[in-house]
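Protein chains in written order, with the working numbering: chain A, 2 to 360; chain B, 146 to 297; chain C, 63 to 553.
Among the hints, a few may not be true.
To be verified - With a cut-off of at most 30 Å between alpha-carbon atoms, the simulated DSSO-like pairs for lysine-lysine come out as follows: (1) C:224 x C:312; (2) C:386 x C:360; (3) C:447 x B:190; (4) C:360 x B:250; (5) B:190 x A:81; (6) A:8 x B:164; (7) A:81 x C:466; (8) A:268 x B:187.
If you're looking for bench data, these hints aren't it; they were derived computationally from the structure.
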Amino acid sequence: MKTLWSKTYHWINERVELDGLVEFMGKKYVPVNSHSIWYYFGGVSLFLFIIQVVTGILLLLYYKGGEALAFESIQFIMSKVQFGWLIRSIHSWTANLFILTALIHMFSVYFGKAYRKPREITWVTGMLMFFLAMGFGFSGYLLPWNELAFFATKVGTDIAGAVPVVGKPMMVFLRGGEEVTGATLSRFFGFHVAVLPGLFTVLLGIHLLLVQRQGMSEPLSYEEESPKERKTMPFFPNFLLRDMLLWLIVLNLLAILAVFFPWELGKKADLFASAPAGIKPEWYFLFMFQTLKYIPGKVFVFDGEVLGIMTFGLGGLLWLLVPFWDRKSSRGERNRFINYIGLFIVLYIIILTIVGWIL
Amino acid sequence: MAESTEPMDTQENRRDFLKYFLGGGLIAWLAAILYPMMAYLKPPKQAEVEVTSVKAGKVGAVEKDSGTIVRFGNKPVILLRNAAGEFRAFSATCTHLDCTVQYRKDMGLIWCACHNGRYDLNGRNVAGPPPRPLDEYRVVIQGEDILISKKA
Amino acid sequence: MNRITRMMMGIALLVCVSANALRAQDKCLSCHEATVGGQPVEMFKHDIHHAKGISCAGCHGGDSKTEEMDQAMNAKAGYIGVPKGDEISKACANCHANAAKMKSFGSNLPTNQFQNLQESVHGKLATNGKERIVQCTTCHNAHGIVAVRNASSPVFPLNIVKTCTKCHADAAFMRMYNPSLPVDQLDKYRTSVHGIRNAKGDAKVAQCASCHGSHDIRNAKDTKSKVYATNVPSTCAHCHSNAEYMKEYKIPTDQFDKFSKSVHGVALLTKHDLGAPACNSCHGNHAATPPGISSVSKVCGTCHALNADLFSASPHKKAFDDRKLPECETCHSNHEIIVATNKLLGVTSEAVCSRCHSEAQNAKGYAAAKAMRSLIDSLENNEKKASELVNEAEQKGMEISEAKYKLRDAHQARLESRTMVHAFNEGRFREVASKGLVVSATVSAEATDALDEYVFRRIGLGLATLAITILAISLYVYIRRIERRQAKGVQ
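Bound-form chain A, shown alone (with noise of 0.2 Å):
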């Protein structure tokens, strides 16, 4: 076993010289603290990310999309494929998981101010892919065609619609008409196999090119700590072993879930019926929903419901550029402000996310 290694090894070294790479490898090295916990999360989320490539084409395999025959070929892939129960509970199961570890990473990464020079881009590729992950679950959602997924979308778009001056022209494309119909469902499906894949895989071979290049960020404090008194670990092997441990048991995890709680397919949606009552998006939506709910119809002079989705708008845009207004952080000092906002949000999101499941 060991020879064939090395001989492949040699014979690909001969000719890409992978030398120099291994040896910048080898140095890679992981920061031991009692934050360490938090530096699996990105790796989980990559994890999730493969496993739902995996199942998703193999899911594409037996999908038919369209209104006549969506829900029929994932009632199929249910009860007559081989495993096909497993592959598409997984698919569904992970596909909010992956959105949790994701949230879990970036908060970890926003606390730990990761994003700080030379991280920039970093953050700016993670935040982009973890809003085309949210466009992933939205999409992906109502490929099912069954009755929560179409007026959940119906709800989603019509929001989407109520953005100032482009939310028309946007709903309308998204829609592919002024309703939600069959060709929502093709231009979701799209979107989802293609359109979103693509733009992800750019964002994250970027994404880790550029962790694997810049290394592990450190926290601040180690600035303060002697570089001896900085515990650390070889990223290979030890860090990917146990990456690797994690892995292993997420994937059983998943596998559980599969078996025990298997993801419902509901009713057929009907394009005629009238939504059932206590419609509501996926609890990733939740806090911004349930926030809508909140908002009085009329602020001043502004429409509440465009009021609110300006301000997720613009939070949104300024926690992208965060890098770039958090100058303190990039000086290497600490910033509580910093802090106090990240467990705001935080906190908000946790507490509207439950009061919406709730209520």
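Model the placement of chains B and C on the given structure of chain A, informed by the hints.
Leaving out everything else, chains B and C in the frame of chain A:
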């Protein structure tokens, strides 16, 4: 030095033991991943999902003055085409005891084989035990396709 | 007044005075008798009101104690002349709706007739728009009114028919009010047992008023009518369940009891299903007669058409007719028709087939009955089992909607075989039942597959978890070993 070889020996054994476990575990894990995937890729007995309800077929496929049963989700729907070529659709579940009704060309109406219940071509119960008319469904012709949907 | 008239009046007065005591009190009567005479006077002499001491003035008003016409027939004394239209009934109601007044004459007659009449179908406005269709005098006459039990009363049981048909057999008249109402009731009635006995002089049998009521006659579609579908059984039972009343006729009086317990009775009387038959649906209305032996299946067949058709073409038709066995009734009974369960079919003691078929006698039928019963029992059991399996799979969260849809065919086959029994042909029965058995088997297999899959998934998960756990533990140990070595190396 002889003393250190003993622990080295047992350490070697432990290492082999572990390597076996690791290797075996890895293979088992791969099998647990690959087996479902391979099985998934094998086409199931029923190769394709069947065309069901909403698109009930092509206009040309349904003759004039005839009726056919179409599956609408979990319920049967009877699609009628009258002599003038117009389409109508009704629930095919008899309102008496849930049998599936059929179109009788000789009687010119919808008939239930179980207890001789009869409905006119508007779905109204006109003879026999059925207590209520049949629910009507909407039929829309899109080009060559017949689409059936629930009545609003 | 001229002299001749006055003289005539004097003679009349003498005549009046020489009349008997009673008539002497009713000066109207005595005067009219002596002068104009006529039918009213003759009839009133036999009138019950006259017998009770009520004078002409009792209805016409005025003063009956004086012979002076001016005083007697004076509006100031209450004289209303010959009442027309609704005035007639109002005049009767003056006393007959007044309980105290009726008591004072020693009468126990009900006093709600006028109110009932007003609310009845007869109380509606006539075509001339000025009065009700029927007044009291229409049926009771004006001047010769006698008690109902008096044989000369137009409303005496034997005479009622003639009274009602005065209008109700007149097509031209009835056309003015209800063109769709038939006018042949009398003809039909005369073919019935009731009508025949009534013609012979039996005052106990049913006539028009017995079923339709007298003053409170309502349209048959009116829920308060005695002949509204849900009320018909109790109307018939009024006589037909009264053992004392029916003693001399020597027919059973338990039909209503039996009917109330039957499927039809429960449907009609408890669930108010107007599709269910009342007595008249099978026996007829005015021509009420139990259906003949060979026509029972036709009567039942008006609703149970498929069964009747099958029966008529079956070997049982000739067999029953030859033995003078009433068709449907022999197996299903006539009044106490209970829900037909599988137990009715077959060769057990509860089954009706075994009444004629045994291994020794009519053996072919015995074999057929046995086979059909076992088929339908299996069909029912298999369908039930398949349905249970499907439910179990569904509860466990397995996708089983297609199999569930197929179950409808099993249900349909079971219903169709219950009808097909009436062909009494094992081959045809088997054909229908087999469809259901095949479907049930298919569905059971699919459901069992789903349940097996459920178990398979959990076992598979267990094995995969085992593999992953082994791998995870080994990996962890491996990591520890590397790190230990690294730590040692550093030192």
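Satisfaction of hint between residue 187 (chain B) and residue 268 (chain A), Cα-Cα up to 30 Å
The hint holds at about 28 Å.
Need the status of pair residue 386 (chain C), residue 360 (chain C): alpha-carbon distance at most 30 Å?
holds, 16 Å
Is it true that the CA of residue 360 (chain C) sits at most 30 Å from the CA of residue 250 (chain B)?
holds, 26 Å
Take the C-alpha atoms of residue 447 (chain C) and residue 190 (chain B), compute the straight-line distance between them, and say whether it is at most 30 Å.
holds, 25 Å
With a cut-off of 30 Å on the C-alpha distance, tell me whether residue 81 (chain A) and residue 466 (chain C) pass.
Cα-Cα ~15 Å, so holds.
Residue 190 (chain B) and residue 81 (chain A) were given as a pair; does the straight-line alpha-carbon distance stay at or below 30 Å?
Satisfied, since the Cα-Cα distance of roughly 8 Å is no more than 30 Å.
Pair hint residue 224 (chain C) and residue 312 (chain C), alpha-carbon separation not exceeding 30 Å
Given pair residue 224 (chain C), residue 312 (chain C) holds - Cα atoms ~28 Å apart, limit 30 Å.
Is it true that the CA of residue 8 (chain A) sits at most 30 Å from the CA of residue 164 (chain B)?
At roughly 22 Å apart (the allowed maximum being 30 Å), residue 164 (chain B) and residue 8 (chain A) satisfy the hint.
The structure shown violates none of the earlier numbered hints.
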